[in-house]
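In case you want the letters, here they are:
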Amino acid sequence: MSLAYSLSEYVIQIIAGLGNGALLFIVASGLTLIFGALRVINFAHGSLYLLGAYITVSLTSAIGFGNATFWIVIILAGLAVALGGVIFEVVAFRPIYRRPLMTQLLVTFAFVLMIAGIVRKVWGSEGESTPVPPFLEGGVKVLDGQIPKFQFFFLAVSIVVGITLWFILYRTGLGRMIRAAVSDPELLGLSGVNVRILFTGVFVLGSFFAGLAGGVVSLQGFIGPGLGIDAIILAFVIIVIGGLGSLSGAFIAAFLVGLAEALGILWVPQASLAIVFAVLVIVLALRPQGIRGARVA
Amino acid sequence: MSRSAVTLKLADSVAQLSGRLPTVFALRQRLRPTAGAYRAADKGLWAFSTVFIVLMGLLPLYADQGKVLLAQQSLYLGLLALSLNLLVATTGLISFGHAMFYAFGAYMVGVSVVKLDWPALPMLALAPVIGALAAFVAGLIVLRGRELYFALLTLGVAQLVWAVAHGWQSLTGGTNGTTGVFAAEFIHPFKHAQHLYWFIFGCVAVCTLMLYVITRSPFGDALRGIRENRRRAEFAGLWVKRYELAAFVIAGTFGAIAGGLHVIGETQISSTQVDWQRSAFALIAVLIGGTRYFLGPIAGAIFYLYVFDFIVDQTILWDTVLGITVFGVALVLVGGLGGTIHWLIAHMVGFAQRTVGVFEVPAPAVAATAGTAEVVHFPDAEDRRAPAPSEVAAGPPALAVRGMTKSFGGLVAVDNATIEVQAGSIHAVIGPNGAGKTTVFNVITGLMKPDSGKILVEGEDVTGSSPWRLVKRGMRRSFQQTNLFWALTSLDNVTLAEAAVKDETFKFVGTYAPGVRDRARDLLDRVGLGAFADIAASELSHGDQRSLEIATALAVEARLLLLDEPTAGLSPAETRLAVELIRRIAREQELTVLFVEHDMEVVFGIADRITVMHQGAVLADGVPDEIRANTEVQRAYLGGAEDGEGA
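Line by line, the protein sequences give chains A and B.
Note that the working numbering gives residue 145 to position 145 of the first sequence, counting from 1, and the numbers run on in steps of one.
Take the position in the second sequence, starting the count at 1, then add 1000; the result is the number in the working numbering.
Since the hints were made in silico from the structure, they are not lab data.
Quick caveat, the model's predicted, so the values are computed rather than measured.
Here a beta-carbon is modelled for each residue, glycine too, at the ideal position from N, C-alpha and C.
Keep in mind that a hint or two might mislead.
Unchecked claim - For the chain B half of the interface with chain A, some residues (derived, Cβ under 7 Å), not all of them:
(1) F1052
(2) L1152
(3) L1331
Unchecked claim - Using C-beta positions, here's what the derived DEER-type ranges look like:
(4) A:W166 with B:K1454: 45 to 53 Å
(5) A:E186 with B:T1631: 52 to 60 Å
(6) A:G226 with B:K1454: 57 to 65 Å
(7) A:S8 with B:V1307: 48 to 56 Å
Unchecked claim - Covered stretches of chain B (chain A as the covering partner; in silico rule of three or more C-beta atoms under 8 Å from a C-beta of chain A):
(8) 1201-1215
(9) 1315-1323
Input sequences plus hints: build the corresponding full structure.
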């Protein structure tokens, strides 16, 4: 275990950790939104993220990755995944809303498998290297070292996503309905709201952000088939630490996890993963509902 | 109309139009198996399993090496799934991280052989020990969560274990694993691959038998009770956390044995073999085999491995095929392999019965129909004995609530309430809705802690005790919404309560002590449900369910009975029966009864003493005549005239 790093090494690693956390927040935000409203844990959320990444790669080969086309590509990736989300919600989720927990978990897990197979068939099992648009090439000089520009981009995007979601949830009629659905879906239905369509809408929203995150992660230069699994496990850790259904909790937890992982890599490289899960276990053991979650019996 | 109803109607119309075809309905009737067919299917499933076990046992004699290796693998992976099923099916705990025990067992054996040069087989004997220890520690953590949080906690802890196995390269070899060197020592005790197979088969068979015994023991009954209705289990006197932890430890022990066998069978273990995918595999195996069938998980593991083995060769989309299979089984073939085979046998037998008339299995004697509800005269005021002051037993009251206060946020639900219930009396608590009556009950019975105040049972301070402890002391409760083990029969409901109070359920082998079932049957007779002993609780009428709940409350040395609106939802005839029952039992067993009621006829009919609550505070307390005449009580119920009219 080594603590002897220079300040700039620390800064670089911490920013990288925060950037990672930012990316995870974008993924986790959709997951916690879907759980909060629909009360189903969606294992396949990471797979949607994966699809977003691979679709981005395919689109860039078709359209190119210039400064303007970059934005088009990632928005398109988000929309494509959102569309897939509609189909997914109707086929996979609607039958399982009232089913027991094990059925829900296994059905969503089944889709993880299905999507993994499709990804392998369409894009192979190798992984792809991904280009970076010109305005994000290179790094920013910080102290003695360089921080890649895309890390700051991650941070910026996560803040924008956070604010957007917050705005939708707390300043629009749609958001009010979603929060009501989180609280009591039956009552909402009795108030004349088409809860079915609302649920699909929430799912589409969450999936869009998963796809967008997939588009954004490609800036790291390389994506592989394991992306979905790594992401979903960490996303779970984040939304559980933050409190299931809580957006602000996911925000805090995501950066906490990113930081923990980054510092872990610096201090105890082999245990960096273990540290993240240890944090999860400790938080849950002390406060089972998570940092910002509602108290559970 | 629902979609299926429309389809049926359409098909029916088509069939009718064609004249000679029997209607769809008639066809379905013809194909539906009888209850006898289902019983025959049960036996058929046993026969099928036995044949299969024999085939598996004799496998090395007729199959090639590759198939034997695959079968071997499916055996210890099957054991992993079987141990998980103790949690999933029997206790209702969905664990997402069962692979962590596989890891502990496997690394225990693997590391000690490779790093410490210890012989493998004795190390296998230590695998269950480390499994139990790990499960105990992990259980304390993960059982802090319920349902989904429990599942996610198990995932987290398992990932932690995996991350350690992955990262601690020097000890475990990480993804490269602990391998190789000990191959020679292993093969030594087993000169032939056959012997290795039989050793593993033998170990798995013994473990399976042990798990079977445990599942069928009183402990298993208690676990099933907890799965059915956690609250009722607590109020039957079970310390639920202890039973759940015990189940977790047992599951972990056998999971670790499975891991140890893996190392013996494959002479290596790496971190990729104990990750979350292994946990997911265990759950999928349980699902595919059918959670309700004891050998289901092993069948599921075998099915998974063989089919997987086949599919991987066929297509690059093997993941997708597996996903579709899991999806299909989870949504459609909910009974899994076990359920499907059972269904098939039942239909085949049913068909055979109808065409050939064979396979007749004698139906059990139909349960005698209960007598019609007798009209019982409502007890007159004179019949009821109010304890005269001289007859009041000297000594502390059976139950005393002193100065109880309980708030929920800004709402004061109970405000400095004091109630004293004399031993042997029937004491009613009444009041308008929102008066705090159920909250008082919840605090007394240990569901909540009061903000201030004391609860004394026979003079002893029991404030803050857990519900199960109070149950063991003789305090029993019924709920506003009937709380039973719905899937169990009436007799099983009461038996479980009888056994739970005395902890006779913490018995992992065999059956209940003689007398437990007899006492349970006696209780059922006493409440008038003797004829319904073998009917599932969910199928009883509402009134009978209430009586059953009272029967479970009467188990073993009940001393204080708290009934929350015992006549809610009952018809006038049922109400009279319930009231008669309460009076009779209270007198026969010298119980003290405290009950909340809204039906004034009932209250004034049997209560010796009445406490009136209003907006959280005790408004009045006295004998029925006093309460009847109390103007403040009248005002509280009738909404209160502001200027005191109608004195």
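To see whether the hints hold, each was checked on the structure:
1. Because the beta carbon of F1052 (chain B) sits about 25 Å from the nearest beta carbon in chain A, more than 7 Å, this interface hint is broken.
2. Given hint, L1152 (chain B) at the interface with chain A, holds; its Cβ is 5 Å from that chain's nearest Cβ, closer than 7 Å.
3. With a cut of 7 Å, the hint placing L1331 (chain B) at the interface with chain A holds, because the nearest CB-to-CB distance is about 6 Å.
4. As the Cβ distance of W166 (chain A) to K1454 (chain B) is approximately 47 Å, the hint placing it in 45 to 53 Å holds.
5. Separated by about 42 Å at the C-beta atoms, E186 (chain A) and T1631 (chain B) break the suggested range of 52 to 60 Å.
6. The hint said 57 to 65 Å for the Cβ distance between G226 (chain A) and K1454 (chain B), and at roughly 59 Å that hint holds.
7. The hint said 48 to 56 Å for the Cβ distance between S8 (chain A) and V1307 (chain B), and at roughly 55 Å that hint holds.
8. Coverage of the region 1201-1215 of chain B by chain A is violated in this model, with 0 residues showing a Cβ closer than 8 Å to a Cβ of that chain against a need of three.
9. Check on the region 1315-1323 of chain B: 8 of its residues sit with their Cβ under 8 Å from a Cβ of chain A, so the three-residue criterion for coverage holds.
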